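Take a look at the letters that make up each chain.
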Amino acid sequence: MDRLSRELKLLNRNQSGDLADGTQLSSMASIIGRLVGFVENRATIVVSVYGIALLASIYAATGLSVDTDSSKMLSPDLGFQAKALALREAFPDQKTAIVIVVRAANADAADSVTAKLAMAVSGKEGIASVFAPSVDPFFLTNGALYLETDELDQQLSRISGSSNLIAGLRSDQSLQGFVATLDQALSLAEGAGETADLAPVFAEAEAVFRAAAAGERRPFGWSTVFAGTSGPVLRTLTVQPVLDFTALNPAKPALASIRGVLAEFDMPPGVEVGITGDPVLRQEELRSVTAKIGWSLGLSLVFVAIVLWLALRTMGRVLLGLAALSTTLILTTGIAAVGVGSLNLISIAFIVLMVGLGIDFAIHFLAHLDEKATRDEKPLIAAAQSIGPALALTAGSTSLAFLAFTVTDFVGMAQLGLIGGAGVLIAFAVSITFIPAIVALRPGLALGAPRGRIPGGMAGRRAMPWIMVALGLGATVMASESRFDSDPMGLRDPNAPSVQTYNWLAEDPDRSPLRASVVAETAEEADELATAAKEIEGVRGASWLGSLLPDDQDTKLELVDLAWPSLEHAATGTPEALTETTAETPDDLTARLEAVPEGQGLAEALRLYQAAQDAGRDEVLNEDLFTYFPLLTDRLTAMLEMDYVEVETLPDALSRQFVSGGKYRVDILPEADIRLPENRAVFIEKLTTHFPGLTGGPAQIEGARIAVSHAMLQAVAIALLGAGVLSFATLRSVTGTLSILIPVALAGAVCMAAGVLLNLPFNYANVIVLPLMIGIGVDSGIHLAMRARKADQVFSTSTPMATFYSALTTIAAFGTLGLSDHQGTASMGILLAIGLSATVMMTFALTPGLARFAIKRS
Amino acid sequence: MIRCSAFALLLMIGLSAPTVFAAEEEASLARANQLVDETYAAMTAETTEAERNDALRAALETGFAFDFWEKFLIRKHKESFSEEQLAEFRALLPGFLAKLYSDQFGNGLEAKPEIKETRKARKDILVRAAIPRANGKTLPVDWRVHDFDDRGHLVVDFMVGGTSFLILKRDEFSGLLDREGPDGLLAFMQANAI
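If you read the sequences in order, they're chains A and X. Heads up, this note's numbering is the position in the first sequence plus 77, with the first residue counted as 1. Heads up, this note's numbering is the position in the second sequence plus 202, with the first residue counted as 1.
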């Protein structure tokens, strides 16, 4: 029996020692004691090895990248993932498209901005193509064929009745011309007894003149009058970027070009423009994840330093603790760079998590060193033998919690698990090698002032266990209401421009980006699938390539033929002087307008304008009257060429969304807002019954919901099982094991209840909370239970203090993640902080008593 | 050889297009001239009003495609007509259009309308005429002439200042049919027909 074993026996006799009395733990203490003894004797070499490892890690970390593709978070072997991948391969445009959305008060403003943006963006660096349906030549020409027959008929009728008015305005685009043309139209309408037909023109003109009188800008909405469209409208420009796969975001050059155009764009009042689409959402999500991670890291380090000071009370040990933490962080980052190469949006949080977890081992070791330094000749070895086995067990349980996801289909979380698990083992290794090596070189660090204390109320209160049990049981009831939000949009910063723009589209039932897809092998099959889909309750519409052809084209083209001379006259004809025009100023027109009921409002507006009129105002009014007029005449000119639409004549940018590589996509639009989980589940369930091959965004979200929920349950079970086995191996008692697991389970319930109360559902990012809570919570339990077996007054030893302060650092570090704009990261931080706080409270209140009860029973 | 044939074919198509248009134009002009002559003669004849109306109606019956007018005038509502109502509508239509024609172009008619020009309007030909007015000005009218093959070229619409009278009357008829049904329309036509 060597010297270390003798010391071990001495320690076993020491009432304040932590070492368990099991043979395996004694062996572990012996091994760790020998290791620390080895390190103490070769401290310079150990520190040098660490120096080299740190340099290598820093070098490796420079190659670390981030992959923002959330679809890679789940195993590609899952059925819904395979279908989604097949869809993406067949129709790649959907995943790579950038969508510019124009939201305006009326169609004219929206179309004007859309046309200008389409021109400005086309040909810019990184832009492959731009497709803006509302101003695309095909739709300008044939768009009216997509109206319902009666709607088209009404529109053509309006244009026919106003063709000379339009021709007159086209030939004289001035305030005088406007007044004269309106006067003539009124004369003709009075003659025919059809002044009501002019009501829309009068109403629009009234709004413009009233605004001009008030000194405000209000362009005349010509489409509002002649196309019958009114109210806010959305227009989209679908931009296909030239993808640069060497960049972190392959669409970055295109996005830079678009943002450059928007920055310089002279946006008219009442028009908003946003950009969204997968590349934009991913770019902004990465920004939201990384924007405050530096703050979180810095703040968590500050918190850790403060807690270290409270716990250790000497600057030397605080610095030593921080050095150990920094070493852990750098080595873990190096391992991450070598091991995974590219982080994902969840695993990027490892850096902050490791601040909280990495310091725990250092605090426990330094606290024990403090305790042993005053009593042992070899304080480093004594401390290592005393706390080493507990640290090894807790490193094992926390690693296991992290690694629990590696056996699930949730490969995104498995990555964080791998890095976190490795990081915890590194932190353990650093605490039993790096810290002893530094202390060996600087023995003064082993001597410290009296250790910190745990706050009053944390221990020794008889009522605390009962309060905690009541809290836990109450929370268990509420925890049953917790839910999982599988929509990736729920993770993103709701204030991010791309998310807000996405919501503009999602709020419009006909433009919702959340659509299901089915892929067909033939056009006939696609037609059948679309027809069948339309019959399903909850389906707003189903379309395929064939549905892009306007229906009832023969009738519609007959109507267009009928109105064609009117269109031609409006678009290109010479206005006819059909009456004796006298009105040249707004004042001239006022008297005539007052004579007809429909003209009262405009007459009043003209009087107001006359009162405020001046040359400058006339100029502005003139501009407002005709700003959007060319859009109308351009559209009318294009309509003259309207002809039968066939699949071959459809724009390529449109048809390739529905046919690609010989495969046909059927697009299924939901009736309800399927951003709501319950609506989405019903929609997908109904469709899946009919179409086993269903895929697309909503199907992927539903598939992910099931897969991640399953993965979470698997991970929780693994973490619980691992924690139970480790606890039992440590304590060799079922009651003792329960003394650790019961507080953790109750804390889990409190965490879930907090999620319900704070409306923080489980999501892709925070599903790690429960397994991690179990892993970390069990650590505290093991420390306290082991102490409780040796000391009646466990709260008078260093263990509660070390446990409390290490938990406090973890809570503080995790809590700083709550600063993140990224909802997934923030909720992970908040729930972890709440969960760990609950764990500490439960463990302190219940574990020592239960552990002592277990000992008494045995 | 194939290339030469294709070129020849293209050349023939290219050369034949203006020829076809010229023939269309000529036939349309002939129809418009005939209509102008007959309607002017009818409206300015020094006979009784009844005889003038009969002549005008006869001129329109010769030159107008009433089935085309019917198709668009009651397009959406045709199914609501009984056989008898439809027969009455068909009987009234020429007189109604004759009255409309007379009201629009007969008042203050100083001289015979002058045919000015023709131009293509999709499948049809527009024949522009200037109708002299009492105030010394002229009223521009476009006759829309369609080729009905075996029935020849017939007027399917007329327009003033780009406004289609067929569309104008269709809207008016639709309103009446929505409000009062076929009987209401027939009563209206009865009151406004010659």
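Derived by calculation from the structure, the hints in this document are not laboratory data. Every value quoted in this text rests on a predicted model; they were computed, and no experiment measured them. For each residue, glycine too, the CB sits at the ideal point set by N, CA and C. Take these hints with a grain of salt, some might be off.
Straight-line alpha carbon distances no greater than 16 Å define the calculated EDC-like cross-link-like pairs of lysine to aspartate or glutamate that follow [to be verified]:
{"no.": "1", "chain 1": "X", "residue 1": "LYS278", "chain 2": "A", "residue 2": "GLU228"}
{"no.": "2", "chain 1": "X", "residue 1": "LYS322", "chain 2": "X", "residue 2": "GLU227"}
{"no.": "3", "chain 1": "A", "residue 1": "LYS201", "chain 2": "A", "residue 2": "GLU293"}
{"no.": "4", "chain 1": "X", "residue 1": "LYS273", "chain 2": "A", "residue 2": "GLU341"}
Okay, the calculated beta carbon distance ranges per label pair [said to hold, decoys possible]:
{"no.": "5", "chain 1": "X", "residue 1": "ASP380", "chain 2": "A", "residue 2": "GLY770", "range": "41 to 51 Å"}
{"no.": "6", "chain 1": "X", "residue 1": "ARG321", "chain 2": "A", "residue 2": "ALA280", "range": "44 to 54 Å"}
{"no.": "7", "chain 1": "X", "residue 1": "ASP349", "chain 2": "A", "residue 2": "ALA340", "range": "32 to 42 Å"}
{"no.": "8", "chain 1": "X", "residue 1": "GLU382", "chain 2": "A", "residue 2": "THR599", "range": "33 to 43 Å"}
{"no.": "9", "chain 1": "A", "residue 1": "ALA280", "chain 2": "X", "residue 2": "ALA332", "range": "31 to 41 Å"}
Each hint tested on the structure:
1. X/LYS278 x A/GLU228: 13 Å, holds
2. X/LYS322 x X/GLU227: 8 Å, holds
3. A/LYS201 x A/GLU293: Violated, at about 35 Å.
4. X/LYS273 x A/GLU341: 54 Å, violated
5. X/ASP380 x A/GLY770: 41 to 51 Å: 47 Å, holds
6. X/ARG321 x A/ALA280: 44 to 54 Å: Check failed, 35 Å falls outside 44 to 54 Å.
7. X/ASP349 x A/ALA340: 32 to 42 Å: Violated, since X/ASP349 and A/ALA340 (Cβ atoms, about 58 Å apart) do not stay within the stated range.
8. X/GLU382 x A/THR599: 33 to 43 Å: With a Cβ separation near 52 Å, X/GLU382 and A/THR599 fall outside 33 to 43 Å, so the hint is violated.
9. A/ALA280 x X/ALA332: 31 to 41 Å: Given about 36 Å between the Cβ atoms, the range holds.
When each numbered hint is compared with the structure, violations occur for hints 3, 4, 6, 7 and 8.
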